[in-house]
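If you're matching them up, the sequences are chains F and X in order.
Every letter in the first sequence is one number past the one before it in numbering that gives the first Met the number 0, and letter 100, counting from 1, is 99.
Every letter in the second sequence is one number past the one before it in numbering that gives the first Met the number 0, and letter 258, counting from 1, is 257.
Treat the hints as calculated values from the structure; they're not laboratory data.
Glycine is no exception: its CB is placed at the ideal position from the N, C-alpha and C atoms.
Check the hints yourself; a few may be wrong.
As the list claims (entries may be wrong) - Ranges between beta-carbon positions, derived for each pair:
id, chain 1, residue 1, chain 2, residue 2, range
1, X, H233, F, L12, 56 to 62 Å
2, X, H233, F, I33, 54 to 60 Å
3, F, P138, X, A33, 21 to 27 Å
4, F, S129, X, N177, 30 to 36 Å
5, F, D130, X, E204, 22 to 28 Å
6, F, D130, X, K94, 42 to 48 Å
7, F, L107, X, N66, 48 to 54 Å
8, F, I33, X, Q84, 27 to 33 Å
9, F, S129, X, Y63, 29 to 35 Å
What the hints assert, rightly or not - Derived pair list, reagent style DSS-like, types lysine-lysine, alpha-carbon separation capped at 27 Å:
id, chain 1, residue 1, chain 2, residue 2
10, F, K123, X, K192
11, F, K156, F, K1
12, X, K136, F, K123
Stated by the list, open to error - Some chain F residues well away from chain X (every beta-carbon gap over 10 Å; in silico):
id, residue
13, L20
14, D67
15, F79
16, D102
17, W104
18, I111
19, I114
20, I149
21, M150
22, K155
23, L158
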Amino acid sequence: MKQETKYFLVLLLFFGLPAILAQALIVPLLRIHIWQPDVVLCIVLLLSKRFGGIRGSTAGFVLGLLQDALTGMPIGMSAFPKSLVGYLTGKFHGQHIKGLFMDLWFVLFILIHGIIFYSLLGIKAELNLSDMIITRALPNAIYTMVSLLIMNLFLKKYLSEE
Amino acid sequence: MSFFNSFLVRFREGLTVFVYLVLSFLLMTASDKAMVRGLRHFSLQTVGRIESTLSVFRDYFNLYEKNFELRRQNTLLSFKNFQLQEALLENLRLKKLLNIRYQFKYNLIPAKVIGYSPQELVTGFRIIANDIKAKHKGAAVITSEGLVGRVVEVSPPFAICQILLDPSARVSVRIQRNREVGVISWDGELGLKLNYIPNTIEVLEGDILFTSGLSQIYPPGIKIGVVSSIEKDHNEMFQKIRVQPSVDFNALEEVFIIEMEPLLDETRN
Chain F
0 MKQETKYFLV LLLFFGLPAI LAQALIVPLL RIHIWQPDVV LCIVLLLSKR
50 FGGIRGSTAG FVLGLLQDAL TGMPIGMSAF PKSLVGYLTG KFHGQHIKGL
100 FMDLWFVLFI LIHGIIFYSL LGIKAELNLS DMIITRALPN AIYTMVSLLI
150 MNLFLKKYLS EE
Chain X
0 MSFFNSFLVR FREGLTVFVY LVLSFLLMTA SDKAMVRGLR HFSLQTVGRI
50 ESTLSVFRDY FNLYEKNFEL RRQNTLLSFK NFQLQEALLE NLRLKKLLNI
100 RYQFKYNLIP AKVIGYSPQE LVTGFRIIAN DIKAKHKGAA VITSEGLVGR
150 VVEVSPPFAI CQILLDPSAR VSVRIQRNRE VGVISWDGEL GLKLNYIPNT
200 IEVLEGDILF TSGLSQIYPP GIKIGVVSSI EKDHNEMFQK IRVQPSVDFN
250 ALEEVFIIEM EPLLDETRN
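Produce the complete structure using the sequences and hints provided.
Put into structure tokens, the structure is as follows:
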């Protein structure tokens, strides 16, 4: 197994599983009104940025499945948007987009994740999609982006490409 | 063969994500298949064990406050019990007069909350109960304050409980004052809404809602919440009624799973 793949699996285990636990135990304490960040998505995006599209989508798929398995909803509902967003992030980062432009792309990817997730949930639970996007997906995307920037500060040394 | 290989190499990234997307979609449509159940079982056992270990530490630091609160509740409940005994005797006399044949006996299985949902919006929590079995899937979950939700997945001794604030949760309820029946669902924020109550029906702020007993899951008479606001639009058929849940979902520690058994009414015998 390649050294890079081993490193990816170690990071997936040591950051991914705690992120899921943190999403369940710590994130509810950070809730502002009805909005809260998705730290699992942050980890997927950071891993994708570091390891590229294939590993990014793998991280999204695995963590999404685990997240779904711990709730009562159909398995795959989080894995679907997370795999896609993981792939897109890796792909765009490979185009050498860096700095502020990459951060703006991140906001877009988080929003895409939210729209796909709420669309799938809307089908299951008969929710109004436009309401969900305005009241949930948009504020959550901003909150998740802020969390992503903060997490990036702490995890930078593990996820640096040098 | 070389064409196939070069195709795989060239579109490796695209194919990988395509496989993941197709797999996710297939898993979504196969929620009761053995593989999906196995995955849920594995995840629940792994994360459940980590969380139950962590909850031991959390509990240790809360023991004094919890003990004090339990003593206070015990005193309060003893007092209420005296009053309820009177009501019970009256109830038995009336049942005898009406010749009601059946009643339900409830067995309460204690469970402890060990973790909350790792998914924003899809709300619920993981519980641990020594006596929980696969047959308890779908059973109602309550506390002394009222209805919490129902068990949606079981992997003994762990289970996933879907609470009333989950977007897909629906409960048939009855308004205590006028006996009207409606359906409770999540209101999109932090409360509940009462659906399908026509504009012609009088509903007041402060009306108490109980489970109607019309579904197979929730037994009748469990408190759900109190009507907090009512909006009537004459262009619409139904009222917009908001309900404050009686249970504080953020402060749950112990819950009870209801096991129902029908039996002959003792009063008739």
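Looking back at the hints listed earlier, which ones does the structure fail to meet?
-> Violated hints: 2, 3, 8, 9, 13, 14 and 15; rest satisfied.
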